[in-house]
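> Chain by chain, the residues run as shown.
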Amino acid sequence: AQKVTQAQTEISVVEKEDVTLDCVYETRDTTYYLFWYKQPPSGELVFLIRRNSFDEQNEISGRYSWNFQKSTSSFNFTITASQVVDSAVYFCALSRSGSARQLTFGSGTQLTVLP
Amino acid sequence: DAGITQSPRHKVTETGTPVTLRCHQTENHRYMYWYRQDPGHGLRLIHYSYGVKDTDKGEVSDGYSVSRSKTEDFLLTLESATSSQTSVYFCAISGGGSTDTQYFGPGTRLTVL
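Note that the protein sequences, when read in sequence, are chains A and B.
Just so it is clear: in the first sequence, position 102 is 102 by the working numbering, and no numbers are missing.
Just so it is clear: in the second sequence, position 17 is 17 by the working numbering, and no numbers are missing.
Keep in mind that the hints were calculated from the coordinates and are not lab data.
Note that the Cβ used here is the ideal one computed from N, Cα and C, for glycine as well.
Wrong hints could be hidden among the right ones.
[Said to hold, decoys possible] A few chain A positions that, by computed beta-carbon distances, are all more than 10 Å from chain B:
# : residue
1 : T20
2 : Q83
3 : G108
[Unchecked claim] Here are the simulated DSSO-like cross-link-like pairs (lysine-lysine), alpha carbons at most 27 Å apart as the crow flies:
#  : chain 1 : residue 1 : chain 2 : residue 2
4  : A       : K3        : A       : K70
5  : B       : K11       : B       : K57
6  : A       : K70       : A       : K38
7  : B       : K70       : B       : K53
8  : B       : K70       : B       : K11
9  : B       : K57       : A       : K3
10 : A       : K38       : A       : K16
11 : A       : K38       : B       : K53
12 : B       : K11       : A       : K70
[Unchecked claim] Listed next, the stretches of chain B that the computed footprint assigns to chain A, with coverage defined by at least 3 CB atoms under 8 Å from CB atoms of chain A:
#  : stretch
13 : 30-43
14 : 88-97
15 : 100-107
Required output: the full structure, derived from the provided sequences and hints.
Laid out in structure tokens, this is it:
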């Protein structure tokens with residue numbers, strides 16, 4: 001069985017602070033995929049990043065960066081110099097390899113960035 | 001943005017009535033999924049489809065059925081709605097392959113009274 005844990009239910013920071021959202025996963029598969037999605041107050045789900053299990057390189061995209069560590073089964077997401085527009089619920093998700101990749105989601109972290 | 005629409009966007013119904021939600025895509029993607037989102041649970045998979053007339057159950061399939069008669073449409077039916085099925089329902093699509101990513105529709109908010 002697969003499981004994704006986002007232990008931080010809610011985080012509140014002041015604008016321009018850095019913030020890290022934690023994601024810990026469990027799987028018995030050797031090949032798998034990890035994702036982050038953003039859900040702003042408007043409700044849609046926005047894809048942010050996909051990472052393959054065999055690629056442990058960290059990734060940076062503008063103010064966003066992701067730290068994937070297989071040794072600790074973690075895929076953490078950092079926002080540098082946070083902005084009010086970053087306020088949203090962030091979901092980490094895990095899928096198996098194979099043709100129909102059903103996603104297993106964490107329960108999400110509500111990030112509030114205060115001006 | 002992926003071409004995914006869901007209808008209706010909002011629906012209020014009564015316990016015991018049948019409800020059908022529609023997901024329509026213009027991307028010609030092979031895979032389609034239905035998830036429900038509830039507080040504290042994230043999103044959970046209800047059913048998915050890997051082709052026309054090919055569907056399978058997800059984690060929380062009890063009380064739901066699906067049909068896919070065309071590539072572009074994936075229907076979710078609640079045969080007899082219950083209050084526990086009050087939720088936000090999201091459809092997702094993906095094309096498959098090594099770089100597969102699911103893209104989500106705007107969601108349908110269903111309230112069962």
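> Confirm or reject each hint.
Hint-by-hint comparison with the structure:
Under the 10 Å C-beta cut-off, the non-interface status given to T20/A relative to chain B holds; the minimum distance is some 19 Å. The Cβ of Q83/A sits about 22 Å from the closest Cβ of chain B, beyond the 10 Å cut-off, so the non-interface label holds. With a least beta-carbon separation of about 5 Å from chain B, G108/A fails to lie farther than 10 Å from that chain, contradicting its non-interface assignment. Proposed proximity of K3/A and K70/A is supported: the alpha carbons are some 15 Å apart, at most 27 Å.
A threshold of 27 Å between alpha carbons decides the hint, and for K11/B with K57/B the separation of about 24 Å falls inside it, so the pair holds. Taken as a hint, the K70/A and K38/A pair is honoured in the structure, with Cα atoms around 23 Å apart against an allowance of 27 Å. At most 27 Å may separate the alpha-carbon atoms for a hinted pair to count; K70/B and K53/B meet this at roughly 8 Å. With a C-alpha separation of about 24 Å, the suggested pair K70/B and K11/B falls inside the 27 Å cut-off, and the hint holds.
For the suggested pair K57/B and K3/A, the alpha carbons sit about 18 Å apart, so the restraint of at most 27 Å is met. Among the hinted pairs, K38/A with K16/A is consistent with the structure: their alpha-carbon atoms are about 19 Å apart, no more than 27 Å. Under the criterion of a C-alpha separation no larger than 27 Å, the hint pairing K38/A with K53/B is inconsistent with the structure, at around 31 Å. For the hint linking K11/B to K70/A, the alpha-carbon distance of about 43 Å lies beyond 27 Å, and the restraint is violated.
By the rule of at least three residues with a Cβ nearer than 8 Å to a Cβ of chain A, the coverage given for the stretch 30-43 of chain B holds, with 7 such residues. With a cut-off of 8 Å between beta carbons, the stretch 88-97 of chain B has 5 residues touching chain A; three or more are needed, and the interface restraint holds. With a threshold of 8 Å between beta carbons, the proposed coverage of the stretch 100-107 of chain B by chain A holds, since 7 of its residues qualify and at least three are required.
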